[in-house]
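Chain residues, written in single-letter form:
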Amino acid sequence: MASAEQLPGPNDLSDEEREAVETLLFRLADDEFVLAERYTEWQVRAPTLESDLALANIAQDELGHARLWYDLLQDFGPDEPELIWERDPGEWYHSTLTELPFEEGDWADPILRSYLYDAAEEIRLEALEDSSYARIRNRVGKVQGEEDYHLEHAQNWLERLAEEEQSRERVQTALDRLWPHAQTIFAPTDEEVEERIDDLGLRTKSLAEMREEWRETVVPYLEDLGLSVDAGGETDLPEVTGRNLSHTDDWDDLWEDFTATYRELGREEATRIMKDPDEVE
Amino acid sequence: MIWEVFRQEQAGEYHTHCGNVHAPDREMALMFAEIQHGRRKPTNSLWVVPQKEIGEVDTEEANFGGTTDKSYRWAQSYSFEAAAEEVADSESEQVQAERQRGDD
Numbered sequence: 001m002a003s004a005e006q007l008p009g010p011n012d013l014s015d016e017e018r019e020a021v022e023t024l025l026f027r028l029a030d031d032e033f034v035l036a037e038r039y040t041e042w043q044v045r046a047p048t049l050e051s052d053l054a055l056a057n058i059a060q061d062e063l064g065h066a067r068l069w070y071d072l073l074q075d076f077g078p079d080e081p082e083l084i085w086e087r088d089p090g091e092w093y094h095s096t097l098t099e100l101p102f103e104e105g106d107w108a109d110p111i112l113r114s115y116l117y118d119a120a121e122e123i124r125l126e127a128l129e130d131s132s133y134a135r136i137r138n139r140v141g142k143v144q145g146e147e148d149y150h151l152e153h154a155q156n157w158l159e160r161l162a163e164e165e166q167s168r169e170r171v172q173t174a175l176d177r178l179w180p181h182a183q184t185i186f187a188p189t190d191e192e193v194e195e196r197i198d199d200l201g202l203r204t205k206s207l208a209e210m211r212e213e214w215r216e217t218v219v220p221y222l223e224d225l226g227l228s229v230d231a232g233g234e235t236d237l238p239e240v241t242g243r244n245l246s247h248t249d250d251w252d253d254l255w256e257d258f259t260a261t262y263r264e265l266g267r268e269e270a271t272r273i274m275k276d277p278d279e280v281e
Numbered sequence: 001m002i003w004e005v006f007r008q009e010q011a012g013e014y015h016t017h018c019g020n021v022h023a024p025d026r027e028m029a030l031m032f033a034e035i036q037h038g039r040r041k042p043t044n045s046l047w048v049v050p051q052k053e054i055g056e057v058d059t060e061e062a063n064f065g066g067t068t069d070k071s072y073r074w075a076q077s078y079s080f081e082a083a084a085e086e087v088a089d090s091e092s093e094q095v096q097a098e099r100q101r102g103d104d
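Protein sequence lines correspond, in order, to chains A and B. Under the working numbering, think of the first position of the first sequence as 1, with each following residue one higher. Under the working numbering, think of the first position of the second sequence as 1, with each following residue one higher.
Hints are computed from structural coordinates only; laboratory data are not their basis. Misleading hints may appear alongside valid ones.
To be verified - Which chain B residues stay away from chain A? Per the calculated CB distances, all over 12 angstroms, these:
| hint | residue |
| --- | --- |
| 1 | H15 |
| 2 | N20 |
| 3 | H22 |
| 4 | Q36 |
| 5 | N44 |
| 6 | E53 |
| 7 | E56 |
| 8 | E61 |
| 9 | G65 |
| 10 | A97 |
| 11 | Q100 |
Unchecked claim - Restraint ranges, calculated between C-beta atoms of paired labels, are given here:
| hint | chain 1 | residue 1 | chain 2 | residue 2 | range |
| --- | --- | --- | --- | --- | --- |
| 12 | A | Q166 | B | R39 | 27 to 37 angstroms |
| 13 | B | R39 | A | K275 | 15 to 25 angstroms |
| 14 | A | E146 | B | G55 | 56 to 66 angstroms |
| 15 | A | A260 | B | R39 | 38 to 48 angstroms |
Unchecked claim - Stretch by stretch, here's where chain B covers chain A in the computed footprint (C-beta under 8 angstroms, at least three residues):
| hint | segment |
| --- | --- |
| 16 | 53 to 63 |
| 17 | 116 to 123 |
| 18 | 142 to 154 |
Every residue, glycine too, gets a C-beta built ideally from N, C-alpha and C.
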């Protein structure tokens, strides 16, 4: 990896630098936004009032993080409708792990999904702490401040679900289904652009390094819980990774759902109810 | 299992009861309480206590403060001169507390 020189602000980047920054931001923002969309499906349906509130609160955190990253994409011109409400579903970069629907009443899925995702999130945020792009670097701490709870929440639940055979089997079923999709968290968008992200020092660990670190964390943890992980190599990747703009059919349905109101109301702009993140930093 | 939750707004203040959470154990109770009772109001610290561990005595069983005249408890019962400011303040607090007990 090249020694990282500091990159200038958004208006002074070269086209290649800008493309690398944008790609990195889309990876981050789309993951957070789409996962939060899925989490909110549990509102008023979680097993208890307490678990309902906790997951809804986590969803709100993730939306807040998505907002911080989308705001940095707005530096380059696009407004919120262009970034979210009017963006074609075939132009989203999120990992397929975030878009999969839940089986009705299968609480093991959101818990395990959150664990797999938040363990990865912790690693990729660490790799942004010394990003060569100050606009990203300066927002990492704020996001990290809310992530500890997410991981603690997922692990507390997982450890309890794994105690008894029946619930452990449900976690295992979820794991078998989610595991290949979890690998896409560290899948590349365009190989060449990903390399540029590393060379420019936008992140200080490559996707392969982060994926390895993530697997070294989650595999032993899950095995200690009595779960079996089919930890293959690159062949773990499903055909559609999300990162390469290919998605599952479920994504189209989710996109239709969360953009429906915007279209039905004939909107052309997004109402702003909060201050710009730069004003509150 | 129900856990009663007590919230302290600032360091040094009392923890005051603010509600409860359902949770199977202390760790989960703290985790839920953090969201349910700590996310919207100023919070420095939360306690969770198993509901069944809380002892209670109420007016059905006790006459709080007794039933006879206890004015000898008041500092000014012993004073025959004008009271110092601090003593007067303290006394007016006691008088107010007495009223709130509904004895007047």
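Here's how the hints hold up against the structure:
1. No beta-carbon of chain A comes within 12 angstroms of the beta-carbon of H15 (chain B); the shortest separation is about 20 angstroms.
2. With a cut of 12 angstroms on Cβ distances, N20 (chain B) falls inside the contact zone with chain A, its closest approach being about 10 angstroms.
3. The non-interface label for H22 (chain B) is inconsistent with chain A: the shortest C-beta to C-beta separation is roughly 6 angstroms, within 12 angstroms.
4. With a closest Cβ-Cβ approach of about 6 angstroms to chain A, Q36 (chain B) is found to fall inside the 12 angstroms limit, against its non-interface label.
5. With a least beta-carbon separation of about 17 angstroms from chain A, N44 (chain B) lies farther than 12 angstroms from that chain, consistent with its non-interface assignment.
6. Remark: the non-interface label on E53 (chain B) is consistent with the geometry, its nearest Cβ contact in chain A lying 19 angstroms away (cut-off 12 angstroms).
7. Every beta carbon of chain A lies more than 12 angstroms from that of E56 (chain B), the smallest distance being close to 24 angstroms; the non-interface claim holds.
8. At roughly 33 angstroms, the least C-beta separation between E61 (chain B) and chain A is larger than 12 angstroms, which holds for a residue marked as non-interface.
9. Against the 12 angstroms criterion, G65 (chain B) stays outside the reach of chain A, whose nearest CB is about 39 angstroms from its own CB.
10. At the 12 angstroms boundary, the C-beta of A97 (chain B) stays outside the reach of chain A, the nearest C-beta of that chain being 37 angstroms off.
11. Residue-level check passed: Q100 (chain B) sits 34 angstroms from the nearest beta carbon of chain A, beyond 12 angstroms.
12. Against the hinted window of 27 to 37 angstroms, the Cβ-Cβ separation of Q166 (chain A) and R39 (chain B) comes to about 32 angstroms, which satisfies the hint.
13. Our hint of 15 to 25 angstroms for R39 (chain B) and K275 (chain A) holds, since their Cβ atoms are close to 20 angstroms apart.
14. Against the hinted window of 56 to 66 angstroms, the Cβ-Cβ separation of E146 (chain A) and G55 (chain B) comes to about 38 angstroms, which falls outside the hint.
15. For the pair A260 (chain A) and R39 (chain B), the beta carbons lie near 29 angstroms from each other, so the given range of 38 to 48 angstroms is not met.
16. Residues of the segment 53 to 63 of chain A lying with their CB closer than 8 angstroms to a CB of chain B number 3, which satisfies the three-residue condition for coverage.
17. Counting residues of the segment 116 to 123 of chain A whose C-beta lies closer than 8 angstroms to any C-beta of chain B gives 0; at least three are required, and the coverage claim is violated.
18. With 3 residues carrying a beta carbon less than 8 angstroms from a beta carbon of chain B, the segment 142 to 154 of chain A meets the three-residue requirement, and the given coverage holds.
Consistency with the previously given hints fails for numbers 2, 3, 4, 14, 15, 17, ordered from lowest to highest.
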